[in-house]
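Chemist: Same order as they appear, the protein sequences are chains Y and P.
The opening residue of the first sequence carries number 1 in UniProt numbering; numbering runs sequentially from there.
The opening residue of the second sequence carries number 1 in UniProt numbering; numbering runs sequentially from there.
Take the hints with a grain of salt, since some may be wrong.
Stretches of chain Y that chain P covers, calculated by requiring three or more beta carbons in the stretch to come under 8 Å of a beta carbon on chain P [unchecked claim]: (1) 35-48; (2) 54-61; (3) 123-130; (4) 172-180.
Straight-line C-alpha distance at most 25 Å; calculated SDA-like pairs for lysine to any residue [said to hold, decoys possible]: (5) P:K204 <-> Y:C36; (6) Y:K177 <-> P:K204; (7) Y:K177 <-> P:K276; (8) Y:K177 <-> P:T249; (9) Y:K70 <-> Y:D50; (10) Y:K151 <-> P:T249; (11) P:K204 <-> Y:R139; (12) Y:K177 <-> P:K70; (13) P:K276 <-> Y:M170; (14) P:K70 <-> P:E133; (15) P:K204 <-> Y:A152; (16) P:K204 <-> Y:L150.
In case anyone wonders, no lab produced these hints; they're calculated from the structure.
Here a beta-carbon is modelled for each residue, glycine too, at the ideal position from N, C-alpha and C.
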Amino acid sequence: MEQTTKLPESVKYDLTFAREIYSLENGSYIKQCMQCGMCAISCATRDIMDYSPRRLFNLIKLGKKDEVLKSNTFWYCTSCCTCKARCPRGIPLVDVMHDLKRYAIKNGYVDYPQAAFCKAFWAEVAGRGKVFEGGVTARFYLIRGLDEVLKAMEMKDIGINMLKRGRLPMFPPKKIKGMGNLKKIIRKAQEIQRKEEAR
Amino acid sequence: MKYSFYPGCSMEATAQANLVSIKAVASALDLQLEEIHDWNCCGATVASGVVGDFTQQVMTGRNLAIAEPKGQDVVVGCSSCYLSLAVTNKRFREDEHFRALANEALAEGGYKYNGTLRVRQFLEVVINDVGFEKIAKKVKRPLKGLKVAGYVGCQTVRAIPYEFDDPEYPVLMDRLTEALGATATPFPMKARCCGSSNAIADTKIVLDSALKIFESASQGGAQLMVTPCPMCQLNLDAYQQLVNKVHGTSYNMPILFFTQLMAIAFDLPPDAWALKYNIVPPGAALASFGVG
Numbered sequence: 001m002e003q004t005t006k007l008p009e010s011v012k013y014d015l016t017f018a019r020e021i022y023s024l025e026n027g028s029y030i031k032q033c034m035q036c037g038m039c040a041i042s043c044a045t046r047d048i049m050d051y052s053p054r055r056l057f058n059l060i061k062l063g064k065k066d067e068v069l070k071s072n073t074f075w076y077c078t079s080c081c082t083c084k085a086r087c088p089r090g091i092p093l094v095d096v097m098h099d100l101k102r103y104a105i106k107n108g109y110v111d112y113p114q115a116a117f118c119k120a121f122w123a124e125v126a127g128r129g130k131v132f133e134g135g136v137t138a139r140f141y142l143i144r145g146l147d148e149v150l151k152a153m154e155m156k157d158i159g160i161n162m163l164k165r166g167r168l169p170m171f172p173p174k175k176i177k178g179m180g181n182l183k184k185i186i187r188k189a190q191e192i193q194r195k196e197e198a199r
Numbered sequence: 001m002k003y004s005f006y007p008g009c010s011m012e013a014t015a016q017a018n019l020v021s022i023k024a025v026a027s028a029l030d031l032q033l034e035e036i037h038d039w040n041c042c043g044a045t046v047a048s049g050v051v052g053d054f055t056q057q058v059m060t061g062r063n064l065a066i067a068e069p070k071g072q073d074v075v076v077g078c079s080s081c082y083l084s085l086a087v088t089n090k091r092f093r094e095d096e097h098f099r100a101l102a103n104e105a106l107a108e109g110g111y112k113y114n115g116t117l118r119v120r121q122f123l124e125v126v127i128n129d130v131g132f133e134k135i136a137k138k139v140k141r142p143l144k145g146l147k148v149a150g151y152v153g154c155q156t157v158r159a160i161p162y163e164f165d166d167p168e169y170p171v172l173m174d175r176l177t178e179a180l181g182a183t184a185t186p187f188p189m190k191a192r193c194c195g196s197s198n199a200i201a202d203t204k205i206v207l208d209s210a211l212k213i214f215e216s217a218s219q220g221g222a223q224l225m226v227t228p229c230p231m232c233q234l235n236l237d238a239y240q241q242l243v244n245k246v247h248g249t250s251y252n253m254p255i256l257f258f259t260q261l262m263a264i265a266f267d268l269p270p271d272a273w274a275l276k277y278n279i280v281p282p283g284a285a286l287a288s289f290g291v292g
């Protein structure tokens with residue numbers, strides 16, 4: 001018999017991507033999500049996210065790699081922890097968002113300025129053991145380029161005010177004494193982390 | 001009482017007022033803060049986005065490992081540092097597998113952390129180890145009539161929910177404000193996010209978040225706001241002018257660290273108030289108390 005009504009196109013699950021995300025440090029928690037939406041109504045930046053955390057988790061389960069990694073959701077997460085405190089399934093959403101940021105950076109999805117900020121921040125930690133706020137800002141603009149610098153000119157009053165009030169030291173703090181040790185610790189931690197995620 | 005003290009990076013730069021006033025208030029309350037030797041950055045809520053939670057927590061664990069031999073509670077002044085240190089500490093204490101792996105990494109630098117310490121916010125230490133009664137007795141300049149909005153921010157009470165206050169509607173900072181003689185005003189947004197580190201990456205997020213917070217605080221009739229968090233203080237203070245410009249508002253709300261207000265109420269020397277670092281001048285709100 002000929003079919004008269006056209007059935008909706010079937011959803012194609014790509015489990016390779018989902019499994020890869022589940023293998024991240026906090027990734028397996030995503031499987032516990034029951035789509036209740038508590039995170040979505042709790043989120044301070046939900047209004048400007050393209051997918052709420054709930055929808056993002058669903059896209060991960062569906063294996064929608066590109067949609068997930070191009071979304072602004074995890075970059076706009078401010079780590080305010082409201083969702084984490086409220087999730088009825090105890091999913092540490094904030095920590096999952098950290099994993100997604102790292103995964104996105106590793107795979108070259110770095111269009112959002114927040115990615116540049118994360119990288120700038122980390123460069124400070126890795127180089128000195130302490131973060132110099134002026135250094136984070138400078139590195140951020142180096143990564144983002146001239147357009148962003150011009151935008152920043154609109155905010156020069158803020159910088160001037162902070163300078164006037166003694167809140168922008170010109171020189172970075174000294175490197176920590178144990179910088180050599182810290183580097184070794186970080187290298188080893190990265191190695192262990194990779195091993196754990198490959199298990 | 002003696003504590004190991006973790007200041008955090010911002011106290012050496014944008015949040016010097018926090019450091020100055022915490023030290024002064026601690027000394028007035030006989031709390032001895034011994035800075036953790038050669039401490040390193042905790043990674044805030046940013047580093048893990050590049051290197052992962054495990055690596056960040058190991059790095060944070062170095063500070064705890066250095067502090068452990070003294071056996072003193074670790075006191076933290078910054079909300080983001082508190083989040084990082086408290087969550088890391090909890091994992092060292094409760095997750096054996098994590099502890100073993102983290103110590104394997106720490107051993108590369110000659111460290112080991114057994115998870116024996118407690119990590120605490122300075123706000124919580126003041127409230128629980130000193131207490132409202134003793135604080136009230138220290139007040140030499142009662143701030144009677146001053147209407148204060150207690151902006152707790154997000155991470156202080158939600159790093160580890162119910163650790164010392166309600167994560168949805170915290171009350172302890174308001175009670176502290178009242179112990180100083182001031183009036184805590186109604187402030188539904190008191191634990192709402194300020195936009196955090198987006199100030200540089202995506203300023204609009206901070207401007208919009210701050211607007212909601214200013215609205216909420218003003219509707220309650222506040223003359224100034226107090227906060228425990230360096231990021232909240234910076235965002236609300238330094239970006240206030242831009243909020244007004246972008247949103248057509250005219251807020252003129254001084255943002256103080258709660259320890260600055262304590263230093264004023266205790267009548268400590270003006271240096272301890274650290275008001276020279278404040279961008280929105282608190283003079284108008286505090287003039288009737290002889291501060292300006």
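Chemist: Is the straight-line distance between the alpha-carbon of P:K276 and that of Y:M170 25 Å or less?
Modeler: holds (18 Å)
Chemist: Holds or violated: P:K204 with Y:R139, Cα cutoff 25 Å?
Modeler: Holds: P:K204 and Y:R139 sit about 20 Å apart, inside 25 Å.
Chemist: Taking only the CA atoms, is the gap from Y:K177 to P:K276 under or equal to 25 Å?
Modeler: violated (31 Å)
Chemist: Given the proposed pairing of P:K204 with Y:L150, does the C-alpha separation stay at or below 25 Å?
Modeler: holds (16 Å)
Chemist: P:K70 and P:E133 were given as a pair; does the straight-line alpha-carbon distance stay at or below 25 Å?
Modeler: violated (29 Å)
Chemist: Does the alpha-carbon distance linking P:K204 and Y:A152 stay inside the 25 Å limit?
Modeler: Answer holds: P:K204 to Y:A152 is near 12 Å, not above 25 Å.
Chemist: Does Y:K177 pair with P:T249 here, judged by a C-alpha cut-off of 25 Å?
Modeler: violated (47 Å)
Chemist: Tell me if the straight-line CA distance from P:K204 to Y:C36 falls inside 25 Å.
Modeler: Answer violated: P:K204 to Y:C36 is near 29 Å, above 25 Å.
Chemist: So if I understand the rule, the pair passes when the alpha-carbon distance is 25 Å or less; does Y:K177 with P:K70 pass?
Modeler: Roughly 20 Å separates the two Cα atoms, so the pair holds.
Chemist: According to a criterion of three or more residues whose C-beta lies within less than 8 Å of a C-beta of chain P, is the segment 35-48 of chain Y covered?
Modeler: holds (count 3)
Chemist: Closer than 8 Å, Cβ to Cβ, for at least three residues: run that test on the segment 172-180 of chain Y against chain P and report holds or violated.
Modeler: Since 4 is at least three, the answer is holds.
Chemist: How does the coverage statement for the segment 54-61 of chain Y fare against chain P, requiring three or more residues with Cβ below 8 Å from a Cβ of that chain?
Modeler: violated (count 0)
The structure does not agree with the numbered hints 2, 5, 6, 7, 8 and 14 stated previously, though it agrees with the rest.
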